[in-house]
Structures are given as C-alpha cells and as structure tokens.
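Protein chains in written order, with the numbering used here: chain A, 34 to 178; chain B, 34 to 178; chain C, 34 to 178.
Hint data in this document are derived by calculation from the structure and do not stem from the laboratory.
A hint or two may mislead.
Identical chains share a label here; the pair holds if one copy fits it or two copies do between them.
[Said to hold, decoys possible] When the alpha-carbon atoms are kept at most 25 Å apart in a straight line, the in silico BS3-like pairs for lysine-lysine are as follows:
{"#": "1", "residue 1": "Lys133", "residue 2": "Lys167"}
{"#": "2", "residue 1": "Lys122", "residue 2": "Lys167"}
{"#": "3", "residue 1": "Lys68", "residue 2": "Lys145"}
{"#": "4", "residue 1": "Lys122", "residue 2": "Lys133"}
{"#": "5", "residue 1": "Lys145", "residue 2": "Lys133"}
{"#": "6", "residue 1": "Lys115", "residue 2": "Lys145"}
{"#": "7", "residue 1": "Lys68", "residue 2": "Lys122"}
{"#": "8", "residue 1": "Lys68", "residue 2": "Lys167"}
Everything numeric in this text was worked out from a predicted model, so none of it was measured.
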Amino acid sequence: MPTLSRRTCCLIVAAFGALAAAPALAQGNERPLQKAVIQVSDNDVQKWNLALNNARNMQDDLGPEATDLEIVVYGPGIGMLKSDSPVAKRVAEALGRGVKVVACENTMKAQKLSYPDMLPDIGYVPAGVVELVKRQHQGYAYIRP
Amino acid sequence: MPTLSRRTCCLIVAAFGALAAAPALAQGNERPLQKAVIQVSDNDVQKWNLALNNARNMQDDLGPEATDLEIVVYGPGIGMLKSDSPVAKRVAEALGRGVKVVACENTMKAQKLSYPDMLPDIGYVPAGVVELVKRQHQGYAYIRP
Amino acid sequence: MPTLSRRTCCLIVAAFGALAAAPALAQGNERPLQKAVIQVSDNDVQKWNLALNNARNMQDDLGPEATDLEIVVYGPGIGMLKSDSPVAKRVAEALGRGVKVVACENTMKAQKLSYPDMLPDIGYVPAGVVELVKRQHQGYAYIRP
Numbered sequence: 034m035p036t037l038s039r040r041t042c043c044l045i046v047a048a049f050g051a052l053a054a055a056p057a058l059a060q061g062n063e064r065p066l067q068k069a070v071i072q073v074s075d076n077d078v079q080k081w082n083l084a085l086n087n088a089r090n091m092q093d094d095l096g097p098e099a100t101d102l103e104i105v106v107y108g109p110g111i112g113m114l115k116s117d118s119p120v121a122k123r124v125a126e127a128l129g130r131g132v133k134v135v136a137c138e139n140t141m142k143a144q145k146l147s148y149p150d151m152l153p154d155i156g157y158v159p160a161g162v163v164e165l166v167k168r169q170h171q172g173y174a175y176i177r178p
Numbered sequence: 034m035p036t037l038s039r040r041t042c043c044l045i046v047a048a049f050g051a052l053a054a055a056p057a058l059a060q061g062n063e064r065p066l067q068k069a070v071i072q073v074s075d076n077d078v079q080k081w082n083l084a085l086n087n088a089r090n091m092q093d094d095l096g097p098e099a100t101d102l103e104i105v106v107y108g109p110g111i112g113m114l115k116s117d118s119p120v121a122k123r124v125a126e127a128l129g130r131g132v133k134v135v136a137c138e139n140t141m142k143a144q145k146l147s148y149p150d151m152l153p154d155i156g157y158v159p160a161g162v163v164e165l166v167k168r169q170h171q172g173y174a175y176i177r178p
Numbered sequence: 034m035p036t037l038s039r040r041t042c043c044l045i046v047a048a049f050g051a052l053a054a055a056p057a058l059a060q061g062n063e064r065p066l067q068k069a070v071i072q073v074s075d076n077d078v079q080k081w082n083l084a085l086n087n088a089r090n091m092q093d094d095l096g097p098e099a100t101d102l103e104i105v106v107y108g109p110g111i112g113m114l115k116s117d118s119p120v121a122k123r124v125a126e127a128l129g130r131g132v133k134v135v136a137c138e139n140t141m142k143a144q145k146l147s148y149p150d151m152l153p154d155i156g157y158v159p160a161g162v163v164e165l166v167k168r169q170h171q172g173y174a175y176i177r178p
C-alpha cells in the first residue's frame with residue numbers, strides 16, 4: 034500500500050486546516066504576517082493622508098516586517114499618484130518602508146495619463162477593483178479609509 | 034475495513050484544502066470564479082456610477098463568465114434603484130450582463146417605498162447589511178466605491 | 034498501527050473543512066454566528082447613525098445571540114465616542130445589546146483625548162486599523178457605512 038501513512042495523512046490535513054484558518058506566517062519566524070489592501074478611490078487629500086496614516090500605524094504597531102500592505106489607487110483617487118501630488122513625499126516614504134503603492138491603468142487611460150505623469154517607483158495594475166478583489170481572495174484584509 | 038482507501042482520503046483532504054484556500058471555480062473550466070459584493074449606501078450619483086464602473090471593469094478584465102458580482106443597495110443609496118433613478122439605464126445594462134442588483138427591504142419600509150416604485154428586474158433582500166455580511170462569509174470579496 | 038482509523042481521519046478532515054468554510058457556530062446551537070466589524074472613520078453624524086443602524090438591523094434580522102458585532106472608531110470619526118457625542122444615547126443602547134464599541138488610542142493621543150473625555154463602558158484598542166485587519170483575519174466580515 035501507499036507511501037503515506039495515516040499519521041502523515043492527518044498531518045497533511047492539519048496543515049491544510051492551518052493554512053485555511055490562519056494568516057500567512059512571516060518567513061523565518063512564527064509571527065503571523067498581517068496582510069491588508071487599502072483602497073483609495075476618493076478625490077480627497079484628507080483621504081489620501083488617512084490611507085498613508087493607516088499604513089504607517091499598522092507598521093508602527095506590528096513592525097514593518099510583520100505587515101504586507103498594498104495601497105490601491107483608482108478612479109477619482111488617481112490624483113494621489115500624479116507627479117504633482119500634494120502627498121508625493123509621503124508616498125515616497127511609504128514606498129521606502131516597503132508599502133506597495135499601485136495605480137490603476139484603466140483609470141489612467143480614461144484620464145489620458147501616461148507613466149511619465151505619475152510618481153516614480155509606484156507599481157501598476159490593469160484594473161484597481163480587480164486587484165482589490167484578488168487580494169482579498171488571497172487572504173488580505175480590506176481597509177477603505 | 035472501509036471503502037475509502039488512504040489515497041481517497043488524502044484526495045478528499047486536498048479537495049477540502051483547495052475549497053478553503055481558493056475562490057470557487059467557474060463551472061466547466063478551471064478558472065477561479067471571482068466573487069464580489071459591491072456596497073452602495075451613499076446618496077450620491079457619482080458613487081452609483083462608480084459602483085457600476087467597478088462591476089463593468091471587473092467583467093471587462095476577467096470575462097463576465099469568470100465573475101459573480103452583486104451590488105447591494107441600502108440606506109441613503111436606495112435612490113439608485115427607484116424608478117426615476119438617473120442611472121436606470123446603466124442598472125438595466127448591468128442586469129443584462131448578469132450582475133445581481135438587490136435593494137434592501139428594511140430601507141424601503143423606512144422610506145415608504147413599495148415594489149412598483151422600484152426599477153424592474155432587480156432583486157430584494159430583507160436587510161442590505163446582513164446580505165453584505167453573509168456574502169463575505171460565503172467567500173465574496175467586499176468593495177465599497 | 035495508530036489509534037486513529039481512516040474513518041476518524043476523514044471525520045477530522047471534514048471538521049477542518051467545515052471550520053474553514055463556515056462562520057463560527059453560536060455556542061449551544063447550530064446556527065452560524067454572524068461576525069462583523071463596522072468601521073467608523075468619518076467626522077459625520079449621519080455616518081455614526083448609519084453604523085448604529087447597521088448593527089441594530091443585523092441584530093433585528095438575525096437575533097442578537099446569533100451576531101458578534103464590533104464597531105471600531107478611529108481617525109476623524111473619534112467624536113462619535115467623546116462624552117459630548119450627539120449619539121451618546123444610541124451608543125449606550127448598542128452596548129446594552131451586546132455590541133462591542135471600541136475607540137482607537139492612537140487617535141486619542143493625536144487629539145489629546147484621555148479616558149475621562151470618552152463615553153462610559155466603551156472599549157479601547159491600541160490602533161483602530163490594526164483591529165480591523167486582525168478581526169478580518171479572524172473571520173469577521175467588514176462593513177464601512
């Protein structure tokens with residue numbers, strides 16, 4: 034009969050259970066990696082600052098190495114990532130601390146923006162809303178400031 | 034001894050693991066079905082258009098057959114689904130593309146609205162907020178435009 | 034060989050599957066416990082009332098014993114929980130019906146608020162956004178009125 038004993042089989046079960054129930058573990062240690070996507074879709078500088086505050090507070094509270102954060106910017110929020118953004122410096126700081134910041138290419142097309150119009154070092158996704166949905170299906174919590 | 038071999042048992046394990054970890058698969062193929070609920074609770078035509086844009090962008094990006102989308106309308110957002118709604122035509126288009134659009138009956142009672150006051154072909158739920166919570170527990174991602 | 038039969042092993046599998054797929058069960062009965070966190074981060078009395086309506090509607094629809102609700106108040110929303118809050122009475126009612134209501138201590142520090150400035154009987158969390166993320170990872174649905 035097969036190479037897997039019952040005990041092995043049950044260990045596999047337990048492993049699947051743990052994967053399903055718990056957030057991912059940070060590599061190399063036992064602390065759970067707190068994953069979250071933060072949505073920015075308002076044309077409102079106060080909301081942009083709140084999103085950046087939310088990311089910073091998560092990193093301050095949990096430690097940057099224990100968080101996996103992505104700010105997804107789309108629709109009327111896109112101005113947050115244009116090169117003349119009033120929060121350009123804070124976006125750079127967030128990127129420097131390991132926060133992913135991505136702009137929606139659908140929105141850019143609709144507003145006739147191209148890559149040189151945008152802040153340096155940010156990422157891009159084809160559709161912001163799809164990114165938010167996929168990330169939640171990957172186990173990211175959702176925050177909308 | 035039983036009819037299930039160890040191999041069968043482990044296959045069942047793997048199946049449960051896959052069910053728990055991954056989004057549901059679209060019937061008849063191997064692509065994951067991207068499920069999402071979209072909340073509309075603002076009395077704001079721009080937000081209604083954003084919600085409809087979000088649904089359309091998801092379908093455009095992923096293919097309508099790979100998405101399972103439900104727009105839940107309640108509280109101050111209910112005007113989106115009244116028969117004089119400024120987005121009536123776009124709601125009909127979304128319904129035609131297979132997006133579910135549901136109105137909250139609690140809100141309708143509070144605002145003395147009855148079914149003939151509402152757009153044709155929409156669905157109804159007893160409480161919008163309960164629908165949003167139940168859907169998330171069923172594995173739907175949450176989007177609030 | 035081990036004390037676990039294949040049947041037992043498969044029952045464990047099924048149990049893990051159920052845990053992963055379904056919301057927690059209410060103690061002592063078979064109904065699922067509907068868990069949700071409700072975010073309040075706007076300086077807007079209408080939003081505060083909506084959050085309280087959402088909690089009450091969930092309890093009315095499902096029964097208070099079948100719900101596990103927590104309202105997390107932070108950022109510009111903090112006025113909802115100050116002792117002069119225009120919704121003080123409704124917050125007390127929600128607490129009386131078993132809804133948890135918590136204030137963000139990060140926000141309090143930033144706004145130089147201390148505990149005596151706040152409504153009685155509420156709870157406190159170090160960082161509102163972290164609470165929202167952790168709760169989602171514990172299986173709570175997310176609602177942002």
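Hints, verified against the model:
1. Lys133 x Lys167: For Lys133 and Lys167, the Cα distance is within 25 Å both inside one copy (15 Å) and across copies (20 Å).
2. Lys122 x Lys167: neither (28 Å within a copy, 29 Å between copies)
3. Lys68 x Lys145: Intra 32 Å, inter 30 Å, cutoff 25 Å: neither.
4. Lys122 x Lys133: Classified as within: same-chain Cα gap 15 Å, cross-chain 37 Å, threshold 25 Å.
5. Lys145 x Lys133: Answer is within: at 23 Å inside a copy they meet the 25 Å cutoff, but 31 Å across does not.
6. Lys115 x Lys145: within (12 Å within a copy, 34 Å between copies)
7. Lys68 x Lys122: Result: close within a single copy only, 24 Å intra versus 36 Å inter.
8. Lys68 x Lys167: Close inside one copy (13 Å) and across copies (9 Å); limit 25 Å.
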